[in-house]
Amino acid sequence: MIGAGMTLFRRRLQETGKELCYEAARMALDSAGLTLADVDAVVSGSAPDAFDGVHMKGEYLLDGAGGYRKPYVRVFTGGGTGVFSTIAGWWHVASGLADVVLVVNEEKMSSCQPHAQSVFAHIWDPILDRPLQPNLVWIFAMEMNRYMTVHGVKKEDIALVAVKNKRNAVDHPCAQLADPKITVEDVLKSEVMAWPVQRLDISPPSDGASAVVLASDEVIRKRRIKDRAWISGVGWCIDSTMWTDRDLYFPQYVARAAKMAYKMAKIGDPRREIDFAEPYDPFDYKELHHLEGLLLAKKGEAPKLTREGVTQRDGDLPACPSGGLMGVGNPIAATMGQKIGELFWQLTGQAGKRQIPHEVRTGVSNGWGDLMQYGSVVVMRA
Amino acid sequence: MRVGIVGVGMTAFRSSTPEYSWKELMYEAASRAYADAGVDPRTQVDSFLTCAEDYYEGFGIFDEFVPDQIGAALRPTCTVSGDGLHGLANAFMQIQTGLIDVAVVEAHSKASDITTLAGVVEHGLDPIWNKPLGGHPYIVAGLEADAYLRSTRTPARSLGAVVSKNRRNGLRNPHAAYGADVDPAQPLASEERFSPLRALDISAPADGAIVLVVASERAARRLRADPVWIRGVGWASDSPSLETRDRAAATYARLAAQMAYRLAKIRAPAREIDLAEVDDRFSYKELQHLEALGLARAGEAGRRALNGDFSIDGRLPVNASGGSLGCGNVFEATGLHRAAEVVLQLRGDAGSRQVDGANVGLAQSWRFVPSASGAVAVLGVGK
Chain L
1 MIGAGMTLFR RRLQETGKEL CYEAARMALD SAGLTLADVD AVVSGSAPDA FDGVHMKGEY
61 LLDGAGGYRK PYVRVFTGGG TGVFSTIAGW WHVASGLADV VLVVNEEKMS SCQPHAQSVF
121 AHIWDPILDR PLQPNLVWIF AMEMNRYMTV HGVKKEDIAL VAVKNKRNAV DHPCAQLADP
181 KITVEDVLKS EVMAWPVQRL DISPPSDGAS AVVLASDEVI RKRRIKDRAW ISGVGWCIDS
241 TMWTDRDLYF PQYVARAAKM AYKMAKIGDP RREIDFAEPY DPFDYKELHH LEGLLLAKKG
301 EAPKLTREGV TQRDGDLPAC PSGGLMGVGN PIAATMGQKI GELFWQLTGQ AGKRQIPHEV
361 RTGVSNGWGD LMQYGSVVVM RA
Chain Z
1 MRVGIVGVGM TAFRSSTPEY SWKELMYEAA SRAYADAGVD PRTQVDSFLT CAEDYYEGFG
61 IFDEFVPDQI GAALRPTCTV SGDGLHGLAN AFMQIQTGLI DVAVVEAHSK ASDITTLAGV
121 VEHGLDPIWN KPLGGHPYIV AGLEADAYLR STRTPARSLG AVVSKNRRNG LRNPHAAYGA
181 DVDPAQPLAS EERFSPLRAL DISAPADGAI VLVVASERAA RRLRADPVWI RGVGWASDSP
241 SLETRDRAAA TYARLAAQMA YRLAKIRAPA REIDLAEVDD RFSYKELQHL EALGLARAGE
301 AGRRALNGDF SIDGRLPVNA SGGSLGCGNV FEATGLHRAA EVVLQLRGDA GSRQVDGANV
361 GLAQSWRFVP SASGAVAVLG VGK
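Order-wise, the sequence lines are chains L and Z. Per our numbering, the very first residue in the first sequence carries number 1; after that it's consecutive. Per our numbering, the very first residue in the second sequence carries number 1; after that it's consecutive.
In case anyone wonders, no lab produced these hints; they're calculated from the structure. Even for Gly, the Cβ is constructed at its ideal location relative to N, Cα and C. All clues given are correct.
If we take Cβ atoms under 10 Å as the criterion, some of the chain Z residues that face chain L in the derived model are:
1) 23
2) 58
3) 60
4) 77
5) 93
6) 121
7) 122
8) 127
9) 128
10) 233
11) 234
12) 235
13) 237
14) 239
15) 255
16) 263
Sequences and hints are given; from them, build the entire structure.
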C-alpha cells in the first residue's frame, strides 16, 4: 500500500457520491505520487444502493472513482466492505493482473430520508424477519446483551470504549463526533435506544469516501517509494444467514477470517506479534467483541484490557488509535479510512498527532457486516 | 498458473418459477455444479463468489442471503456487484494469487419476482441529469441502436437475422425459455418500441441460476477433472454518463477483449476463436459486440449476420445457446450463463446445438441498461 486518502465525514449535502469518490481518490493518488494514468484497475466498495437511491451504485460512482475506461469492479459485503475492498484490491495485484490498483470506498447516507435506518428495514428475510419490523439497533442490542450476560460485562466497561475512541478522534482531521471531554458518565446518561444500547454507544451515520493505492513490489522498488506498508495477510468469512441460530456472544466468522489472515501472514501468536489493531467499532461493544474475534484477547477478556488501559493509544495493544467509527464516523464502506487507512498511516509514521508513541510494525483491522455475519480481516506490516 | 473450469451447473430458464424461491434456484444450480465437478463444497471449496445487485434482488444487503444454499456458511464468501463474468474474473484472480485453490462462482435471476422492472432499471440513471427526464429506460438502448446502425450503415434487416437465429437456436437448447421458430422478417413487423428497436429485438426476462466451479491446475488434477481452461479474462467500463460515452461502438467490450486477448495471447481473434457467446439482450448488441471484440470488422457484422455466418454451422457460430433472445434475460447471470455454454461446447456436451471441432471459445457480457461496462472470458481446451 503506497497511498491513502479520506474525506471529511459529515452530512455532505453539497457533494454527490461521485465527487466524494473523486476527492478521496485524488488524495490517495497524490499521497502515492501517482496519477490516474498509472492505475491499471479500480476497485469500488460501497454498501446498500438504497442509501443513495441509485441502482447499480458502482456504475454510478465509476467516473468519480477513476474507473473510466479501466477494469473496474465493485465488491459488496455489507459493513464488511470497509475492509473487504482492500482484499479485492490485493488479489488484483497479487494475481499479477494489475501493477497498480486504486481502491475507492464511498457512502452517502444523508440522501436517505428521514434517516438511513429506514434502508435497514429492507435487509431482512422477507418472511421470517421483516414482519417483526426489526431495525439494526434492535439486533445489536440483543448481541450486546448476550455478550454482557455470558461474560458478566458491565455497561461501564463498554462505555470506556466510546470514551477512548471519541477522545482519540479529537486528533483526526476527518472526525465527525470527537469529544475531548466525554466521560463514562455521559455515555451512561445518554438516551436509551434499545436496552442496553444507548445513544453514545452508537457511531453516527455519515457521508464520506476513502481511497487507498496498492502496488506490486516491483513498482515500489522501481519507483523507490519509501512510504509503503505491506499487506501480509487477508481473510474473509461469512456465517449463515440465520442469525437467530447462532450464539451471538462470539463472532466465529471474524475468528475464522482472522485465522485465515494470520496463517497467510505466518502469525502464530497474534497477541504477541500484533502491535496495534483497528477493530470495527460501529458500536462500542463491537470493539471488545472484535478484539476477541481477532484472537487478540481471550473470550471475555477485552473489557479487562480496556479497563487496564492496554488498548489506549500509548498502551501495549492500541485499539482504534484513529478514533474508530465511534469517533470519526460511520459512512459504512468509507470507514476504510479509519480501518485500512489508519494501518497505513501508523505503519508509515504519517499518523501525525494520532501516531502511536512507540514503534509499531504489525497492525490488523477488521470489517464486520451483513446480519452480524461477515468478517473481513487485513494484516499489514511496516 | 493455469486456471480451469471443472464444474458447471444450471437450472432451466423460465419466464417465471413460482414453485421455487431464488434460494432454491441457487441450490439446484450449485448441487449440479458440485456433482459435475465431484467436489464437496463444505470441505473442498476455498472461496465462493456471488454476483448480484440489491435492486434486482429486492434487498438492502443481498450479500447476507448468499451462503447457506450454496454451502458457503462459515467460508470465505463475497458478493461482486457485477455480471457473472466479473465474478469469474475475480475467482480467476483469487486462484492466481495462490491463496485459493478452488473457487465457486454463482449468479442468478429471479426476475419474475420484480414487479417494477422498468422502475428498477430507471434507478440506474443519473439521479440529477437523466432520471428526471422520465420515460422508459430502454430508450437508452434505442438511442444506442440508432447510433450504431447509422454509423456503421448496418441495414435494419440484419437485426431480424439476429433475432431469428437466436430464437431458433433456443429451440435446440432444453434450458431456453424463449426458443421459437421466428422468421427473419418477423421482428421487423413486430410492434415498434424504442425506435429503431421493436418488440422482438428485446430479450424477455427469465429466472435461472448458474454455478461454475473453478480450480487451479493442481486442484483440477487432484479432482481428476478435464478442465476447460480460462485462457484470459478482461473487464472494462466506458463512461457511466449517457452524454459522454461512445454510443455507436461498444468501447467497454473492445477494452475488455484487449485485456483478455493479451492474457490469452490471442493476436487474431477472428481466426483463433472458434465460437462466441456474446450479449444480445437487444438484437443490435450482438452485432455491436462482435465488432468491438474484433470478431467482425467494423460495419460488417450486420451483413455477415444476413449471410448466416453466425449460425451454428456458419463460419463463426455466435450464441448457439440461443443467447438472451432465445434463453431469456437473466440479468447479472447473463455472462456466467454464456461462459457455462462455452464450457459445454468445448467439452462436447452441448447436445443438438453442439458446434463441431471448437477448441477456443469466447464469452462476453454487458451489464445491461444503463451501464457501459462488461467483461470477456476466453476459454479453451487442450494445451
